[in-house]
Amino acid sequence: MENIREILKESIFEVFERMFFIFLEPGGRVRVHDYETSIGFDGPRRGSLRILFTRPVARLMVRNMLGLDNGAVTEPHVEDCVKEAANMVCGNFLVNLDASKKFAMSLPAFSAGPGETPAPSEGVVAFDFDCEAGKMGVILTLEA
Amino acid sequence: MAFNLLIVDDSNSMRTVVKKIVGLTGLEVNQILEAVNGRKALDVLGGSWVDVVILDINMPEMNGLELLQRMNGEPLMKSIPVLMMTTEASEAHMKSAFDLGAKGFIRKPFVPEELRKTLLAVLGFDEKGTYGEHQGDSEGVDF
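Protein chains in written order, with the numbering used here: chain A, 1 to 144; chain B, 1 to 143.
Hints should not be assumed to be uniformly reliable.
What the hints assert, rightly or not - Cross-link-like lysine to any residue pairs, in silico, SDA-like; alpha carbons within 20 Å at most:
{"hint": "1", "chain 1": "B", "residue 1": "LYS117", "chain 2": "B", "residue 2": "PHE98"}
{"hint": "2", "chain 1": "A", "residue 1": "LYS102", "chain 2": "B", "residue 2": "LYS117"}
{"hint": "3", "chain 1": "B", "residue 1": "LYS20", "chain 2": "A", "residue 2": "SER121"}
{"hint": "4", "chain 1": "A", "residue 1": "LYS102", "chain 2": "B", "residue 2": "SER90"}
{"hint": "5", "chain 1": "A", "residue 1": "LYS102", "chain 2": "B", "residue 2": "LYS20"}
{"hint": "6", "chain 1": "B", "residue 1": "LYS20", "chain 2": "A", "residue 2": "ASN64"}
{"hint": "7", "chain 1": "B", "residue 1": "LYS20", "chain 2": "A", "residue 2": "LEU66"}
{"hint": "8", "chain 1": "A", "residue 1": "LYS9", "chain 2": "B", "residue 2": "PHE98"}
{"hint": "9", "chain 1": "B", "residue 1": "LYS117", "chain 2": "A", "residue 2": "ARG18"}
{"hint": "10", "chain 1": "B", "residue 1": "LYS20", "chain 2": "A", "residue 2": "ALA72"}
{"hint": "11", "chain 1": "A", "residue 1": "LYS9", "chain 2": "B", "residue 2": "LYS20"}
{"hint": "12", "chain 1": "A", "residue 1": "LYS101", "chain 2": "B", "residue 2": "ARG107"}
{"hint": "13", "chain 1": "A", "residue 1": "LYS101", "chain 2": "B", "residue 2": "PHE98"}
{"hint": "14", "chain 1": "B", "residue 1": "LYS19", "chain 2": "A", "residue 2": "GLU116"}
{"hint": "15", "chain 1": "A", "residue 1": "LYS102", "chain 2": "A", "residue 2": "ARG18"}
{"hint": "16", "chain 1": "A", "residue 1": "LYS102", "chain 2": "B", "residue 2": "PRO109"}
{"hint": "17", "chain 1": "A", "residue 1": "LYS101", "chain 2": "B", "residue 2": "ALA92"}
{"hint": "18", "chain 1": "A", "residue 1": "LYS101", "chain 2": "B", "residue 2": "LYS95"}
{"hint": "19", "chain 1": "B", "residue 1": "LYS19", "chain 2": "A", "residue 2": "THR54"}
{"hint": "20", "chain 1": "B", "residue 1": "LYS19", "chain 2": "A", "residue 2": "LYS102"}
As the list claims (entries may be wrong) - To spell it out: a stretch of chain A is covered by chain B in this simulated footprint if at least three of its residues, at any positions, have a beta carbon under 8 Å from a beta carbon of chain B; those stretches are:
{"hint": "21", "segment": "11 to 18"}
{"hint": "22", "segment": "53 to 59"}
{"hint": "23", "segment": "85 to 95"}
{"hint": "24", "segment": "99 to 109"}
Think of the hints as simulated: they come from the structure by calculation, not from any bench. Note that beta-carbon positions come from the ideal geometry of N, C-alpha and C, so glycine has one too.
In isolation and in its complexed conformation, chain A is listed as follows:
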């Protein structure tokens, strides 16, 4: 599990630095989030990945990726960007986990509105990150 944790962390860093120009650092727990995106995968391992964003982080992602001013960022921009983030983090993680194996990924799902972030549970790999705009969390669930 420790190996998986390290692979996931590096996969997240790579996506956020390359595509969103955001440098994440381990942070305190994300207790409430504004947006959630999730994606499932199937293959040699089956599971799902959820990414939880506070509004300022999601808006920063859009601004950085698309080169927009803050006032120009819309909710559809946010939805599209965070779903693409889930797609890239999941794909990157699976390739870094084992590039010789073929996984199938679902299409990312999205939900908006404040939600309480679940407490970490057994069998789940969870990360909390801080960046210049605020907090975000990542939860990987692997089925046995």
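Dock chain B against the given chain A, drawing on the hints supplied.
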């Protein structure tokens, strides 16, 4: 020579990023066409001249590999060079794409320079933009 490009990706953000990068390649571009999935891309390909397709895999309705398969069955589409641009970059996915005729493969996340170089190579340019260096490279492009 001005090129017509077709970007096939269900993410509007990703299509926007690719358009910006294409604008920095130095390529003479006539038109950038867009489609949100393979089915829509077939409609575009059936009605417009396209010189190169930049293609995602994980899309609704018809994914990128299914589109490649359909293009293979259409004599007028078969010869259009396709650059895969996807998060699904396992060895098996890459092999499937190249077996179906893709000329290049780039893994998301990428930096703009990677996309620029791979796109130029797929179109037969070298890194300096000289035409002809990579023409006929049926084995795909190193990245």
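So, going through the hints one by one against the coordinates:
Distance check on the hinted pair: LYS117(B) and PHE98(B) sit about 18 Å apart at the alpha-carbon level, within 20 Å; holds. Distance hint between LYS102(A) and LYS117(B) is unfulfilled; the C-alpha atoms sit about 27 Å from each other, more than 20 Å. Taken as a hint, the LYS20(B) and SER121(A) pair is broken in the structure, with Cα atoms around 42 Å apart against an allowance of 20 Å. A distance of roughly 6 Å separates the Cα atoms of LYS102(A) and SER90(B); the hinted pair therefore holds under the 20 Å criterion.
Between LYS102(A) and LYS20(B) the CA atoms are separated by roughly 31 Å; this puts the pair beyond 20 Å, and the hint is violated. Distance check on the hinted pair: LYS20(B) and ASN64(A) sit about 13 Å apart at the alpha-carbon level, within 20 Å; holds. As the CA atoms of LYS20(B) and LEU66(A) are separated by approximately 9 Å, the hinted pair is consistent with the 20 Å bound. Distance check on the hinted pair: LYS9(A) and PHE98(B) sit about 30 Å apart at the alpha-carbon level, beyond 20 Å; violated.
The suggested pairing of LYS117(B) with ARG18(A) holds, with an alpha-carbon distance near 16 Å, which does not exceed 20 Å. In summary, the hint linking LYS20(B) to ALA72(A) is supported, as the alpha carbons are separated by about 17 Å, within the 20 Å threshold. At most 20 Å may separate the alpha-carbon atoms for a hinted pair to count; LYS9(A) and LYS20(B) exceed this at roughly 29 Å. Between LYS101(A) and ARG107(B) the alpha-carbon distance is near 16 Å, which keeps this suggested pair within the 20 Å criterion.
Pair hint LYS101(A) plus PHE98(B) holds up; C-alpha atoms about 17 Å apart against a cutoff of 20 Å. Note on LYS19(B) and GLU116(A): the hinted pairing is violated, with a Cα-Cα distance of about 37 Å set against a maximum of 20 Å. At most 20 Å may separate the alpha-carbon atoms for a hinted pair to count; LYS102(A) and ARG18(A) exceed this at roughly 24 Å. With a CA separation close to 18 Å, the supplied pair LYS102(A) and PRO109(B) stays within the 20 Å bound.
A distance of roughly 7 Å separates the Cα atoms of LYS101(A) and ALA92(B); the hinted pair therefore holds under the 20 Å criterion. A C-alpha spacing of about 12 Å is found between LYS101(A) and LYS95(B), which places the hinted pair at or below 20 Å, so the restraint holds. Between the alpha carbons of LYS19(B) and THR54(A) the distance comes to roughly 28 Å, so the proposed pair goes past 20 Å and is violated. With a CA separation close to 29 Å, the supplied pair LYS19(B) and LYS102(A) exceeds the 20 Å bound.
Check on the segment 11 to 18 of chain A: 3 of its residues sit with their Cβ under 8 Å from a Cβ of chain B, so the three-residue criterion for coverage holds. Counting residues of the segment 53 to 59 of chain A whose CB lies closer than 8 Å to any CB of chain B gives 0, which falls below the minimum of 3, so the coverage claim is violated. Proximity of the segment 85 to 95 of chain A to chain B, defined as three or more residues with a beta carbon under 8 Å from a beta carbon of that chain, is established by the 7 residues found. Residue count for the segment 99 to 109 of chain A with a Cβ under 8 Å from a Cβ of chain B: 7. That meets the three needed, and the coverage hint holds.
Going down the numbered hints, you'll see the structure goes against 2, 3, 5, 8, 11, 14, 15, 19, 20 and 22, while the others check out.
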